[in-house]
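Listed below are the residues making up each chain.
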Amino acid sequence: MPKTTILIVEDEDPIANYLKTILRTQDYKPIVTPLGKNGLSLAASHSPDIILLDLGLPDMDGVDFITALRGWTNIPVIVVSAREHERDQIEALDAGADDYLVKPFRAGELLARIRAALRSAARMSMDMAALEMERYICGSLTVDTANRLVRVEGEEVHLTPIEYRILLILMRNPGRVLTHSYIQSQVWGQVNLEQPANLRVFVSNLRRKIQSSDSDTPMIQTEIGVGYRFIDLA
Amino acid sequence: MSSSREIVLVAVSGSPWSTDLIRKARVLAESLDAPWIALHVLTHGRFTDAANRERVRSNLELAENLGAEAVTIRGENSAREIIMFAKIRKVTKIVIGQSVDRRFFHRDIWRSPTYALMRKSLGFDVYVVKTQGADSRVTEGPKRRLYRRGTSCKSIFFKVIWTIFCMAGALAVSLLLEKFGAAEANIIMTHLLGAFLASLSTGPVAALGTVFWAVLQFNFFFTQPRLTLAVYDVGYLPVFAIMFVVGTVSASLAARLRKQTELTRKQEAQTYQLYLVGQSLAVTKNMDEMLQESCRQLEQFYDVDVAIYLPDGNGELVRKAQSSGYSAEKEDRCRIEECYAEARPINTTDRRRGNKSVRYAPIYPEKYNIGVAVLIRRNTDFEATDSMRLNTALSLIGRAIDRERLLEERRKASLSAETERVRNLLLRSVSHDLRTPLAGIAGTAEALRFGYPGDSTISAAAEDIETEALRMSLLVENIMNLTRLQDDPTAIRRSAESGDDIMHAAVEAARKRYKGRRITLHFSDEPQIVEVDPMLIQQLLLNYIDNAVKYSPEGQPIDLSTHTENNSLSLIVRDHGAGISRETESMVFEKFYRSDSNGDHTRGSGLGLYICRTIAHAHGGEVFVEPASGGGSRFGVTLPLANGLLEIPDA
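Top line first, the protein sequences correspond to chains W and L.
The opening residue of the first sequence carries number 1 in this note's numbering; numbering runs sequentially from there.
The opening residue of the second sequence carries number 1 in this note's numbering; numbering runs sequentially from there.
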């Protein structure tokens, strides 16, 4: 099996070196470029399995990079950005990025995200119908889509229709960050800008219902200011 | 404002009865459907203690709340200032209080402003409200007494009566003098005096007539043959001629004197108008208020509609203030710009404004032009004397604008000096706290380069580096947030967030950062919505957690919980440490405060909890710390709930 190729678009050498070192320890094959334009042509010529993209590039806007990339490929993109670019992260995610990391981040975190993105890409490349699974299982939580039954530790839990829809959207994308506006558009069919509080309350209620008593780790994780991520136990 | 309109003025002081006076004035004003003014004359020296000033302030505030226009002017003589103000503002009724105690004929009463006012008041009604005792409270409902004085515009009727009175007096005195055998010269002089007195209040033509009358009267009553206009003695003819000449000359002198007096009075009134403009501009609080006041004053004194244009940051002329009747026209723009560029007034007649005369006047305090005033004359055209007065008023306004700008700059300068001081303090504190972990990182890295004996030590060294670096990163995060909040507290990006989400995020981040620590999370209520910058509140919680990690033993858990009460959400971090003494509780949130009991001065910059407070305040919230039951401390933040943002559709 060929090595997994990872394209790093990053203009700061220390970070690029750091990323390269970590990726080599995991037997990934990193390709590094400091420029967005080179990044796009490298993505075309090497068809990497995943792209790590820094949002503060000198030659082009990170969001433009993603938009250009999404014109022809679904290669997973993980956005890496400094704290002061937190608004850009959301834009990048909405433009088609798969995940994001804020500097400074830990190596373990980065590798987990890469694995999750690769798995997700693998799922996507399978038959789309397979997405509509009959049953989702995550730890003590079981969702039976055919009978619309949700069980926590074997006990049936009653969810409202909206809570159920939110849960399904999250469970279909384990390990992936879903922005508030993405979830809103999936649940309500539109982004309700006037009432962003609603989604927060539905998720908070949902989390209380599905959380098993003995577990400290929440299944629905909060990406503050960005969105939610369903835990990826695999 | 038409001239027939009533305007009520009430004189306000710091005395206890002033509130009553204000209410009376309001009743009067309402019954007349008239606007009313509460005037306070700020005199120097007397009654300037703080309590009195406070009473004056609250009285004026009361008047304003009751619908009056509150005005404060400075002056030495209250009565004079009130009269001048009343004349200029065309006040028709003045309400003033007078204490009436047992010593009614106390000497001072005749010196009081009230009596001075009554003596001087011409042209308006003065209502004196009696109040009980200068020092006592108002004990019974004051009785209102009405004093009316004659009007200042002397009617023709008055003049005729006065002339007849003078001449009849002269006749009576002369008859008496003759009876007692006085010489004829006395009678002649008496008649001249009568004519002179009469001419004091009449015009020059009437004076001529009066003199003629005096000569005839003398002829009729006192020369042979009596009670006829015939004269036997030709020697009287030069007497008549001399009487006539002397009378005419003295009468015309008297008339000129009176004219001069009137002119002086008018000039005084004009000077006083300017003085009032200056005064009212001196008591305004800020630029906008000052400009608005300027417009009001110009409108009042010169019967014009006004707008003031000043250049903004880009040099574009912007309308900053205007009187209520002003409406802008397209043509104004280029004339205003021309006026501003060339610093000279432009006078036109505006067809669009019903052929009213319009003047674009530069506001030109000294040396350079700072803006343009557009003045639209309401009724008549501008006169030459108007232009001079207007220029003086405008230069006063210009100086006031200059002064406001300087004040503004000084405020900014002192603010930036304070900011600079805090920055320096911050920099000193931070550089110390950065140096310590940096030394650790550099040292450990160097040791690693030279080679460690075993694998386990390498991983321990790497962990040291990691810990130190993360501590630095928390510090840098805090400094960034602090500078952002201090630069502009309104710049925080609020969104509707659930308290649950923020707590979860903080706990997830903390668990990654402090591995091995047990951090528990407990929600007591329904999910609640707050409108906050979630990153900042997370930072606040992380600072609390960091603090709890530092000040409690390794094996002890850290418990996070929420609590809803009184429309606010509390997020609480509880540690199981030694706790904080009551005395230091109030200090822990201060800038650069560090606990001494710990003895470890190298940890923490004393910034963490201070930033917590800054963040809480920026969100309209508050921080608190209290001892927890069973030991340890509870650090918390309360945030106002925003559940109003919630609109649950059919779930």
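A couple of the hints might just be wrong.
[Claimed, not checked] Taking CB as the label site, the calculated pair distances span:
#  : chain 1 : residue 1 : chain 2 : residue 2 : range
1  : W       : T217      : L       : A469      : 34 to 44 Å
2  : L       : R428      : W       : N17       : 27 to 37 Å
3  : L       : K285      : W       : N17       : 43 to 53 Å
4  : L       : R493      : W       : T217      : 25 to 35 Å
5  : L       : R493      : W       : N74       : 52 to 62 Å
6  : L       : G313      : W       : S212      : 55 to 65 Å
7  : W       : R123      : L       : H617      : 22 to 32 Å
8  : W       : P161      : L       : L425      : 50 to 60 Å
9  : L       : L425      : W       : K29       : 42 to 52 Å
10 : L       : H617      : W       : K3        : 52 to 62 Å
11 : W       : A68       : L       : K285      : 33 to 43 Å
Think of the hints as simulated: they come from the structure by calculation, not from any bench.
Note that the structure is predicted; figures quoted are calculated from it, not measured.
Glycine residues also receive a C-beta, built at the ideal position from the N, C-alpha and C atoms.
Going down the list of hints, with the structure as the test:
1. T217(W) to A469(L): 34 to 44 Å: At 26 Å between Cβs, range violated.
2. R428(L) to N17(W): 27 to 37 Å: Taking Cβ atoms as reference, R428(L) and N17(W) lie about 34 Å apart, which means the hint holds.
3. K285(L) to N17(W): 43 to 53 Å: violated, 60 Å
4. R493(L) to T217(W): 25 to 35 Å: For T217(W) against R493(L), whose Cβ atoms are near 29 Å apart, the range 25 to 35 Å holds.
5. R493(L) to N74(W): 52 to 62 Å: With Cβ atoms ~31 Å apart, the hint is violated.
6. G313(L) to S212(W): 55 to 65 Å: With a Cβ separation near 60 Å, G313(L) and S212(W) satisfy 55 to 65 Å, so the hint holds.
7. R123(W) to H617(L): 22 to 32 Å: violated, 47 Å
8. P161(W) to L425(L): 50 to 60 Å: holds, 56 Å
9. L425(L) to K29(W): 42 to 52 Å: Hint holds: Cβ distance 50 Å, inside 42 to 52 Å.
10. H617(L) to K3(W): 52 to 62 Å: holds, 53 Å
11. A68(W) to K285(L): 33 to 43 Å: Taking Cβ atoms as reference, A68(W) and K285(L) lie about 56 Å apart, which means the hint is violated.
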